[in-house]
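Trainee: Sequence:
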Amino acid sequence: MCSLACVDDIWVTVGRSSGLDERFLSHLKLNTPSCPVFYSLIKTDKLAPDDLRSMSAETYKIRPIISCVGGPADRISWFLSKILSQILHKIPSHLPNTNHFLEQLQSVRSDSDCTIESFDVASLYTNVQNDEALQALSELLNIHGASVQTYGLKKARLLSLIKECPSCNIFKCSGMYFAQVRVRQSSAASPALTVERRTSEDGDRSRNVRPQ
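Reminder that position 192 of the sequence shown reads as 192 in full-length UniProt numbering, one-by-one numbering, no gaps.
Be careful, since some hints might not be right.
What the hints assert, rightly or not - 27 Å max Cα-Cα, derived DSSO-like pairs, lysine-lysine:
#1 K154 <-> K29
#2 K172 <-> K61
#3 K172 <-> K43
To be verified - Using C-beta positions, here's what the derived DEER-type ranges look like:
#4 L105 <-> P49: 28 to 34 Å
#5 M176 <-> S107: 31 to 37 Å
#6 R109 <-> D50: 38 to 44 Å
#7 T13 <-> S56: 50 to 56 Å
#8 H94 <-> D50: 49 to 55 Å
#9 T150 <-> R23: 39 to 45 Å
No lab work stands behind these hints: they were computed from the structure. C-beta: ideal position from N, C-alpha, C; glycine also.
With the sequences and hints as input, model every part of the structure.
Mentor: Here it is, written out as structure tokens:
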């Protein structure tokens, strides 16, 4: 369970030791945070015409969303995302948006009998362990750290701050409280952490492939 006081203490300690402005430190602290809330969006692309007549909840597939706006680590996660997202530009396989994907697709030269396939990842965030994500980030910082603007935060201090944020994992749904597991959904820093971990996995697989 998240301790707001602990997150704020680490944030202030890390920020001051890194020379961050006191006004900035104060702005990112939340004295009266809100508990993150669960809600869902129906996956309309998964519905068959006959499904629209169904009143059964089992018929409808949903996209789970946890709104962390105003949550204990909301503002700090935003700041961390500003740092982590810089590393994504160093990853060749990263596609920042749909337009970039379409540009890459149009530039591919393939034979007429070539088949292009796409794959979806099930439960992307909850399949990534926090420790594994931190390890992947540490390795990428070793490689690209010199070109990343960390706003004065040394690697060890940055990692300690990122490590603390996942402890703010409680959310509310229908009046009940639950804890998220592994990398948190809807945290501003989560997309970058997840991509960096998956990139590390791809690298591990590539190193283990032996030419025939």
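Trainee: Next step is simple, just say for each hint if it's right about the structure.
Mentor: Status of each hint after checking the structure:
no.	hint	verdict
1	K154 <-> K29	holds (20 Å)
2	K172 <-> K61	holds (20 Å)
3	K172 <-> K43	holds (22 Å)
4	L105 <-> P49: 28 to 34 Å	holds (30 Å)
5	M176 <-> S107: 31 to 37 Å	violated (49 Å)
6	R109 <-> D50: 38 to 44 Å	holds (42 Å)
7	T13 <-> S56: 50 to 56 Å	holds (52 Å)
8	H94 <-> D50: 49 to 55 Å	violated (39 Å)
9	T150 <-> R23: 39 to 45 Å	violated (19 Å)
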